[in-house]
Amino acid sequence: MTQNIIQYNTQGCAESDGIKKTIALAGNPNVGKSTIFNSLTGLNQHTGNWTGKTVSNAIGKYTYNNKIFEIVDLPGTYSLFAGSAEEEVARDYIQSGDPDAVVIVCDATCLERNLNLALQIINISSRVILCVNLMDEAEKKGIKIDCDELSLQLGCEVVSVIARSEKGLDTLKAKVEEVCGSPPQRFLKRLDFSGCTTEEERTVKYVSASEEIAQKCVSFNKAHYDKRDRILDRLFTSRLTGIPIMLLLLGGIFWLTIVGANYPSELLSRFFGFLQVHIDAFFEYINSPLWLSGILVDGVYKTVTWVVSVMLPPMAIFFPLFTLLEDFGYLPRVAFNLDKFFRKSGADGKAALTMCMGFGCNACGVIGCRIISSPRERIIAMLTNSFVPCNGRFPTLIAIITMFLIGGVGSSLGNSLLCAIVLLLVIVLGVFITLTASRFLSKTVLKGESTCFTLELPPYRVPQIGKVIIRSILDRTLFVLGRAVTVAVPAGAIIWIFANVSIGNNTLINTVADLLNPFASAIGLDGIILLAFILGFPANEIVFPIILMAYLSKGSLTEYESLSQLHNLLLANGWTVITAVCTMLFSLCHFPCSTTMISIYKETKSKKYTAIAFFLPLGIGILICFVTKNVLSLVL
Amino acid sequence: MNNETVYLWDLSVGEKAKVQNIETSDFIKRRMLDMGLIKGTYIEVLQKSPAGDPVAYFIRGAVIALRDEDTKKILVEKI
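From first to last, the protein sequence lines stand for chains A and B.
Under my numbering, the first residue of the first sequence is numbered 109, with each subsequent residue one higher.
Under my numbering, the first residue of the second sequence is numbered 328, with each subsequent residue one higher.
Please keep in mind that the hints were generated in silico from the structure rather than gathered at the bench.
Remember, it's a predicted structure, so these values are computed and weren't measured experimentally.
Glycine included, C-beta positions come from ideal geometry on N, C-alpha and C.
Don't take each hint at face value.
Counterexamples of contact, computed for chain A against chain B with all Cβ distances above 12 Å [said to hold, decoys possible]:
| id | residue |
| --- | --- |
| 1 | Thr-311 |
| 2 | Val-312 |
| 3 | Asp-334 |
| 4 | Thr-345 |
| 5 | Leu-348 |
| 6 | Ile-351 |
| 7 | Gln-384 |
| 8 | Ala-389 |
| 9 | Phe-390 |
| 10 | Phe-436 |
| 11 | Phe-540 |
| 12 | Thr-562 |
| 13 | Thr-615 |
| 14 | Val-620 |
| 15 | Thr-684 |
Computed from the model, here is a short list of chain A residues facing chain B with C-beta under 7 Å [stated by the list, open to error]:
| id | residue |
| --- | --- |
| 16 | Val-385 |
| 17 | Ile-387 |
| 18 | Asn-445 |
| 19 | Lys-448 |
Label-pair distances were calculated between CB atoms; the ranges are [stated by the list, open to error]:
| id | chain 1 | residue 1 | chain 2 | residue 2 | range |
| --- | --- | --- | --- | --- | --- |
| 20 | A | Thr-552 | B | Glu-350 | 44 to 54 Å |
| 21 | B | Glu-331 | A | Glu-307 | 26 to 36 Å |
| 22 | A | Asn-329 | B | Asn-348 | 50 to 60 Å |
| 23 | B | Gly-367 | A | Asn-329 | 47 to 57 Å |
| 24 | B | Glu-350 | A | Ala-630 | 54 to 64 Å |
| 25 | A | Gln-572 | B | Gly-367 | 34 to 44 Å |
| 26 | A | Asp-206 | B | Glu-371 | 40 to 50 Å |
| 27 | A | Gly-360 | B | Glu-331 | 17 to 27 Å |
| 28 | B | Glu-371 | A | Lys-169 | 24 to 34 Å |
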């Protein structure tokens, strides 16, 4: 025995000289695991208050007492043995990844349920630290946790933390260092499975043991400690108010985005216009050839600045607002409200969550589909995710709605409200198409029964407004914008070449557009719009800039500073309300962008499903636009 | 004390019961067990969703939504 300890101690010493320790971070979904991960490592990985947000292993590092600790953030799961993909990842890592210690994060407000997973991990590990998070929330609810008793019961170190205000994290780091350098914990609570023949019997043992331990360590001082949550749930999910409030909240966010984005957008584009004068002067000064300044300024610069000035303001408003809802814990309620409707279409209620993620970015939505436990519904959700407009398409939709559908450009309250309502209708239409397409898929390609559904409705939490804003701007806004700009730079150059290189006496863009024109007019678009969607395959953000650039290259090259000038440009190129409506519909339903396509292929590993993901929305889009065009032509 | 045995689905909002048996397929049963739904577990009906299905239940300190098709297969003893 003594020998053993000495051996372990020397090993501990050897490793302190620069060799890093590996820590696995495990826990139920939605217990603040990612918050702890972020606070420890400083790596900005996004955290959200919805079940199963962390879908792949994030890895980060921190140093403590000159030692390097590498943390692997495992997917949040309820169990290690129930057979989902995330559980396998987590279990495999704990068993075969050979971490030096496992930190299990628990939610103090429902410790008993969390102990189930904790006990499962304890039974396959040798060094464990239990981290009881959300102690402040528990205190508010009158829940008291006896950490000493808990430590005694489980046979491992127990640290209580409040991750959001970083309380207890130093203690956690100290304990991690201590445990990593010590021999395996000898008194870990090992359950006796003798006589258990099935997984089921073992699970029952785990649950019973959790109950027993919770009874010894947790005391409830308030009879109705969750009264506030229940009142809020009644408001957000009841038959009478659930769906209206959901629409109001989403509509409100869109309205604030539209109203708020207008002015900064104009300011930015004016600023970039001002800058361009100087850039033009510079190119003239160095006597650069026309084609060079054409590609760089009229191509790259104009496209990029358009993308920035049109996309940045709405994103900087939409993402923080949406993240606030997420942090508050509202999104699982959306899944709860909509499950029945989704299931009728052969989908899963959690598809409502991935749909919400799709508002930000469809590629994120596709990856988010991992939270759906049954493979069939997961594929359906992935293939239909692009029917909700992502952030790259919102600005286009908003601009078209403002210019063509609500009677002119103005910034009055009535106009902006009307605009938000129309946008909401477009989104409701998107949801309707999602459901119809899901139903179609579940009746044809993906036949089968819908399977198990358990959805946790976590406690509501007061969102940390400051942190949310910083985090969502850094993580999401700049991330999406960065990607859009990366695509816009080469696209801008290519489009300029397209618009300025001529075959015979027609530019390349017009030649191709003329080819597309007969088909495009049949579905209410024109050749240039269709070409813009094709060229915009790398990113939907650049579809509208392409249209504009093509129109501008045809006629006189005027600067566009406001929406009304834009409106005139489009009118001059033959746009009508029908063109506007069809462009919006086609924007809602066409092939997903290349990033989304790659994500779908990576997630499904199937060429067939990737092809369906491409052709299904495209086919629906063509059909809808064709019908709409012909119906509207009769009416108008 | 002989309490009425019904399916979880039969209970209305506010009622409480104790789980007796889960009569579903193995896969679903495993998920239910991992949520802590073993024999003898106390369960309370909290809230119906706007469409009446799924329904939110209070199970071991957490709020879990389950679908009708599953709760029609969970036998409980009313209390």
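Go through the numbered hints given earlier and state which of them the structure violates, listing their numbers in rising order.
-> 1, 2, 3, 4, 5, 6, 12, 16, 17, 20, 22, 23, 27 and 28
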